[in-house]
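K.L.:
Quick mapping for you: the protein sequence lines, in order, are chains A and B. With the first letter of the first sequence counted as 1, position 197 gets the number 197 in my numbering; the numbers rise by one all the way through. With the first letter of the second sequence counted as 1, position 259 gets the number 259 in my numbering; the numbers rise by one all the way through.
Treat the hints with care, as some may be off.
Here are some chain A residues pointing at chain B (derived, C-beta under 10 Å) [said to hold, decoys possible]:
#1 72
#2 124
#3 265
#4 272
From the structure, some residues in chain A lie toward chain B, with a derived Cβ separation under 8 Å [unchecked claim]:
#5 258
#6 297
#7 301
Negatives, chain B to chain A, calculated, CB over 12 Å [to be verified]:
#8 2
#9 5
#10 7
#11 60
#12 78
#13 119
#14 121
#15 131
#16 133
#17 136
#18 139
#19 188
#20 213
#21 250
If you're looking for bench data, these hints aren't it; they were derived computationally from the structure. Even glycine gets a Cβ: it sits at the ideal position worked out from N, Cα and C.
Now for the letters of each chain:
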Amino acid sequence: MTAPATHESLPQRSRLSLPAFIDGSLLTLVAGAVILWFAPVGMGRYGTYVLSLWLVMSVAVMGLNLTLGYAGLKSLAQAAFMGLGAYATAILTTKYGVSWYAAFALSGLLTFAVGLVLGFPALRVKAHYLAFVTLAFSTLIWLIMRNEQWLTGGVFGIANINRPEFFGIKLFGALEFHRFVVVVTFILAVLLWWMIRSPWGRAFTALRENPIRAASLGVDTRTYTLLAFAIGSAYAGFAGALYAPLVEFIDPSPFSLSQSFFLLLMVVAGGSGYLLGPFIGALLGVVLPEWLRFAGSLYLIIFATIVMLLLIACPQGVSGLLERGWAKVSGKAGARS
Amino acid sequence: MAEFIAYLIAGIATGAIYALAAIGFTLVWQTSQTINFAQGEFVMLPAVLVLLAIKLLGAPIWLGALIGIAAFILVFGVGFKLTVVDPMIKHGVLPLAITTMALSIIMKEGAKDGFSAEAQNFPSFVPSQTIQVFGASISLQHLAIIAVAFAVIGALQWFVGGTRLGRQMQATAQNPTVARILGIPVERMVLLTFVINAALAVVASVLISPIYLAKFSNGEVIGLFAFIAAIVGGFNQVRGALVGGLIVGIVDSMAAAYISTQYRLAVPLVLLVVIILLKPEGLMGRKEERRV
Chain A
1 MTAPATHESL PQRSRLSLPA FIDGSLLTLV AGAVILWFAP VGMGRYGTYV LSLWLVMSVA
61 VMGLNLTLGY AGLKSLAQAA FMGLGAYATA ILTTKYGVSW YAAFALSGLL TFAVGLVLGF
121 PALRVKAHYL AFVTLAFSTL IWLIMRNEQW LTGGVFGIAN INRPEFFGIK LFGALEFHRF
181 VVVVTFILAV LLWWMIRSPW GRAFTALREN PIRAASLGVD TRTYTLLAFA IGSAYAGFAG
241 ALYAPLVEFI DPSPFSLSQS FFLLLMVVAG GSGYLLGPFI GALLGVVLPE WLRFAGSLYL
301 IIFATIVMLL LIACPQGVSG LLERGWAKVS GKAGARS
Chain B
1 MAEFIAYLIA GIATGAIYAL AAIGFTLVWQ TSQTINFAQG EFVMLPAVLV LLAIKLLGAP
61 IWLGALIGIA AFILVFGVGF KLTVVDPMIK HGVLPLAITT MALSIIMKEG AKDGFSAEAQ
121 NFPSFVPSQT IQVFGASISL QHLAIIAVAF AVIGALQWFV GGTRLGRQMQ ATAQNPTVAR
181 ILGIPVERMV LLTFVINAAL AVVASVLISP IYLAKFSNGE VIGLFAFIAA IVGGFNQVRG
241 ALVGGLIVGI VDSMAAAYIS TQYRLAVPLV LLVVIILLKP EGLMGRKEER RV
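Sequences and hints are given; from them, build the entire structure.
P.N.:
What follows is the structure, given as structure tokens:
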């Protein structure tokens, strides 16, 4: 929950004498990965599944966070991109016997390429046109998933999607596959952390804050926004590639337009522009409804209402709230010492 | 040929509905930079509220209609502007757009849980008969939709261009700063566009629901096509939204008849992409200058 900008000014940094490239976000990621590696022990199959699902959705939300939170673009097709990845992985592994790793890479590549193709004409005009192009794309993908039975199985979907092996170790059990998801999520999160901290990533932030100023400083606005969108979409493809073997069955319903809206709300709820925000957002959107089973379908209304109130009170989401709280606490501690 | 005329009339009728939604969308965008992603749900909900008022109060149809419509305009015209748009617009266009997405989920799920997950019959004010014109059988309901929608759009055009209040509203849309200097009550004008948006949604809802039936998911397609209509016509033009709506409606109807019923939705989407590639400011639109 540390925004890079404020973290630099914390005085503890020099006393701890950590290598300069390590920051709070990275430490939280490492700690989180370790905890999640052991967390499901004794949780049973379903509890473990929910935890894995949380991480998979976090990957999709992370990608959207790059698009929305760092580059300031509205993509309404994140669930469609996730579907593209999930279907690509399912079709390649079940029908053509391709290994999951190759399918995973291809899913990312495919969604990255489609992102470029969609983003190029839209961003040529104006940033908010991307919202409408992705809206159209989302509907189109959904139609194809539902209608092209020979390829996607139509409304019946694709069943019996196998989970991958890891150097000969079969990951078919819930716990084994969960640990695999933890590792993949961790790698993807660290990759994103590294991207955002690189000079290249800092250009994204410059873009979001003031696109015209960024352009006047020599940032090639169009290329950067396009790449942010394409990489964000690729993360949805990766999430889809994990989702298919996790659930072992896919049909068009989790990749609809409403789901894309829902993913956007998760970004905002967690805190757009915060590296760890997506994990909080997906926690609220995916795990909390499992605990609040009694609310049933009302949960969607409750969640959307919470997000609306959160947006009105604190547009930085839960991460922003936590940061505010932390600033208050550490401010008091600083005054005392 | 007879077939073609029937499809054309059906296309113009649904196009008029899209135009009503697109005009409201454009008005609200012009005066307050609100991209309302709940626009489709705005068209879905009035019919549901009317049926709900009839069911819960046991009221006759006319009274139920009155209560449902008044409640909708109050909550989603005035209330939407005061409780959602006003506090959000300070944070920028993006958070506001996302808030409208949250609103669309709330409206859709609310209609599903609070009313019905099934499609419900909605009373029609014209009989569902067809008449024969030049050998083509044309639905009376379609003709009624076209007549009412065009009358409403005509009245709106007269209001915007021909009355003092309407011109003040137009000035607010074009340049709020100058409008304020000229002594126009800008805030009240913006509120007025939200009320007009809600009223247009009510008209669209009452017209389309006898045909599509009242269902919580109706807003998805209507909203999507209203956005496409607004962009195809020109994002900053009321006239453009009308033309865009009609084009999208006709293209949709023709696509369903002559191309593929499964992929009828896809054809207007292709139209959208073509327009964005070739004439991004829309058919009737002007180029907007960049602002820092």
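K.L.:
All hints are to be evaluated individually against the structure, with a verdict given for each.
P.N.:
These are the hints, each one checked on the structure:
With a cut of 10 Å, the hint placing residue 72 of chain A at the interface with chain B holds, because the nearest CB-to-CB distance is about 7 Å. A cut of 10 Å between beta carbons decides the hint on residue 124 of chain A: the least distance to chain B is about 8 Å, and the hint holds. Residue-level restraint check for residue 265 of chain A holds (minimum Cβ-Cβ distance to chain B is 6 Å; threshold 10 Å). Satisfaction of the interface hint for residue 272 of chain A is found here, the shortest Cβ-Cβ separation to chain B being roughly 9 Å, below the 10 Å cut-off.
The criterion of a C-beta within 8 Å of any C-beta in chain B is met by residue 258 of chain A, whose closest approach is roughly 7 Å, and the hint holds. Using the Cβ-Cβ criterion of 8 Å, the hint placing residue 297 of chain A at the interface with chain B is satisfied: the shortest such distance is roughly 6 Å. Among the interface hints, the one on residue 301 of chain A holds; its C-beta lies about 5 Å from the nearest C-beta in chain B, closer than the 8 Å criterion. In this structure residue 2 of chain B is separated from chain A by more than 12 Å, as the shortest Cβ-Cβ distance comes to about 30 Å.
At the 12 Å boundary, the C-beta of residue 5 of chain B stays outside the reach of chain A, the nearest C-beta of that chain being 28 Å off. At roughly 21 Å from the closest C-beta of chain A, the C-beta of residue 7 of chain B stays outside 12 Å, upholding its exclusion from the interface. With a minimum CB-CB distance of about 31 Å to chain A, residue 60 of chain B clears the 12 Å threshold, and the non-interface call stands. Every CB of chain A is more than 12 Å from the CB of residue 78 of chain B (nearest about 17 Å), matching its label as outside the interface.
Every CB of chain A is more than 12 Å from the CB of residue 119 of chain B (nearest about 18 Å), matching its label as outside the interface. Here residue 121 of chain B stays apart from chain A, with its beta-carbon at least about 24 Å from theirs, past the 12 Å limit. Every CB of chain A is more than 12 Å from the CB of residue 131 of chain B (nearest about 34 Å), matching its label as outside the interface. The claim that residue 133 of chain B is not at the interface with chain A holds, since no C-beta of that chain comes within 12 Å of its own (minimum 34 Å).
Against chain A, the non-interface label of residue 136 of chain B holds: every CB pair exceeds 12 Å, the least being about 30 Å. Remark: the non-interface label on residue 139 of chain B is consistent with the geometry, its nearest Cβ contact in chain A lying 26 Å away (cut-off 12 Å). Interface exclusion of residue 188 of chain B from chain A stands, the closest Cβ pair being 23 Å apart, more than 12 Å. The beta carbon of residue 213 of chain B is kept farther than 12 Å from every beta carbon of chain A, the shortest such distance being approximately 20 Å.
Here residue 250 of chain B stays apart from chain A, with its beta-carbon at least about 18 Å from theirs, past the 12 Å limit.
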